[in-house]
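Chain by chain, the residues:
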Amino acid sequence: MKAKVYVNLKAGVLDPQGKAIQHSVELLGFSGIEDVRQGKYFEISLDDSVDTQRARESVEKMAREVLSNPIIEEYRVEIEA
Amino acid sequence: MKFGVIVFPGSNCDHDAYHVISKHVGQPVDFIWHRDTDLSTYDAVIIPGGFSYGDYLRAGALARFSPVMNSVKKFAESGRFVLGICNGFQILCEAGLLPGALIRNRDLHFVCEHIYVRVETNDSPFTNELKRGSVLRIPIAHAEGNYVCDDATLAELQREDRIVFRYCDKDGAVTDEANPNGSRDNIAGICNRGRNVFGLMPHPERACEDLLGSSDGRDIFRSLAATLAAAA
Numbered sequence: 000m001k002a003k004v005y006v007n008l009k010a011g012v013l014d015p016q017g018k019a020i021q022h023s024v025e026l027l028g029f030s031g032i033e034d035v036r037q038g039k040y041f042e043i044s045l046d047d048s049v050d051t052q053r054a055r056e057s058v059e060k061m062a063r064e065v066l067s068n069p070i071i072e073e074y075r076v077e078i079e080a
Numbered sequence: 000m001k002f003g004v005i006v007f008p009g010s011n012c013d014h015d016a017y018h019v020i021s022k023h024v025g026q027p028v029d030f031i032w033h034r035d036t037d038l039s040t041y042d043a044v045i046i047p048g049g050f051s052y053g054d055y056l057r058a059g060a061l062a063r064f065s066p067v068m069n070s071v072k073k074f075a076e077s078g079r080f081v082l083g084i085c086n087g088f089q090i091l092c093e094a095g096l097l098p099g100a101l102i103r104n105r106d107l108h109f110v111c112e113h114i115y116v117r118v119e120t121n122d123s124p125f126t127n128e129l130k131r132g133s134v135l136r137i138p139i140a141h142a143e144g145n146y147v148c149d150d151a152t153l154a155e156l157q158r159e160d161r162i163v164f165r166y167c168d169k170d171g172a173v174t175d176e177a178n179p180n181g182s183r184d185n186i187a188g189i190c191n192r193g194r195n196v197f198g199l200m201p202h203p204e205r206a207c208e209d210l211l212g213s214s215d216g217r218d219i220f221r222s223l224a225a226t227l228a229a230a231a
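Protein chains in written order, with numbering that gives the first Met the number 0: chain A, 0 to 80; chain B, 0 to 231.
Hints listed in this document are in silico derivations from the structure and should not be mistaken for laboratory results. From a predicted model like this one, the values you see are computed outputs, not experimental measurements. Among the hints, a few may not be true.
[Said to hold, decoys possible] DSSO-like, lysine-lysine: derived pairs with alpha carbons at most 27 Å apart:
id	chain 1	residue 1	chain 2	residue 2
1	B	Lys22	B	Lys130
2	A	Lys3	A	Lys18
3	A	Lys3	A	Lys60
4	B	Lys1	A	Lys60
5	A	Lys60	B	Lys73
6	B	Lys1	B	Lys73
Starting from the given sequences, assemble the full structure and let the hints guide the process.
If you want it as structure tokens, here you go:
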């Protein structure tokens, strides 16, 4: 089983890296870009001893307590069977 | 009185802090490896600058899970003194011992230069030998020093006089131009509600000898030593 965790800066938290990327992409000739926000993506592989519900619970906990900082970031967990 | 300097894999200002305590404060000091958990013989611990755990995930995020950090939390709860410098400040925020977070600098640069901070309060064990409103010249060296917090936290910090240093120009004016990293309200250092935990991005331990360009940082360590001497 695989868990995917997406961590993004909360709306309103400045993302200077996103801004720099947006600038570079625009230099490349892309137009119409409103905003670029950079986040993090984690893939967590779980062995067969873990059922889907326990996987979701423990990965949510990991995301909340380690992978993200709730002051500045939000996360989303997806479980893939 | 006895000081401890915590050493994580990737700490690199630990020897500077040790040097300042032993030479300029003239007090006993130990290095404390991050796997050690017994802080019972110490009166104050310093979490030094550096790149603990390579700054992986987020600056300070992984150091928070080191065995010593549980002890540091209890140490702080017992009212003893914790000073976090640069990466140490990031670790204290990640560990929840100080509010807010430190994110990427506004302009993305790693900033490494001498800057000015204004002493916003001397009602703290770390600044009681300083004059409120005085200006210190201290170096910074960081890429993630941009202090952020929500409106309620900022209001609380202001109301409780917990903003210890703010970035300013050489005359003490707190301006956006003097803000090297985009920190909210020009915040360079804050303390906790108990005032015994203090975190700051500037490096006072690198500003303790005139030969190094400034000795303005000494008074921070002297304040702490005076506090400890008075308590003894």
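Consistency of the hints with the structure:
1. B:Lys22 with B:Lys130: Given that 27 Å is the threshold and the Cα spacing comes to 24 Å, the pair holds.
2. A:Lys3 with A:Lys18: holds (25 Å)
3. A:Lys3 with A:Lys60: Between A:Lys3 and A:Lys60 the Cα gap is close to 13 Å, so the pair holds against 27 Å.
4. B:Lys1 with A:Lys60: violated (38 Å)
5. A:Lys60 with B:Lys73: holds (23 Å)
6. B:Lys1 with B:Lys73: Holds, at roughly 17 Å.
Comparing the model with each numbered hint stated earlier shows that hint 4 is the single one that does not hold.
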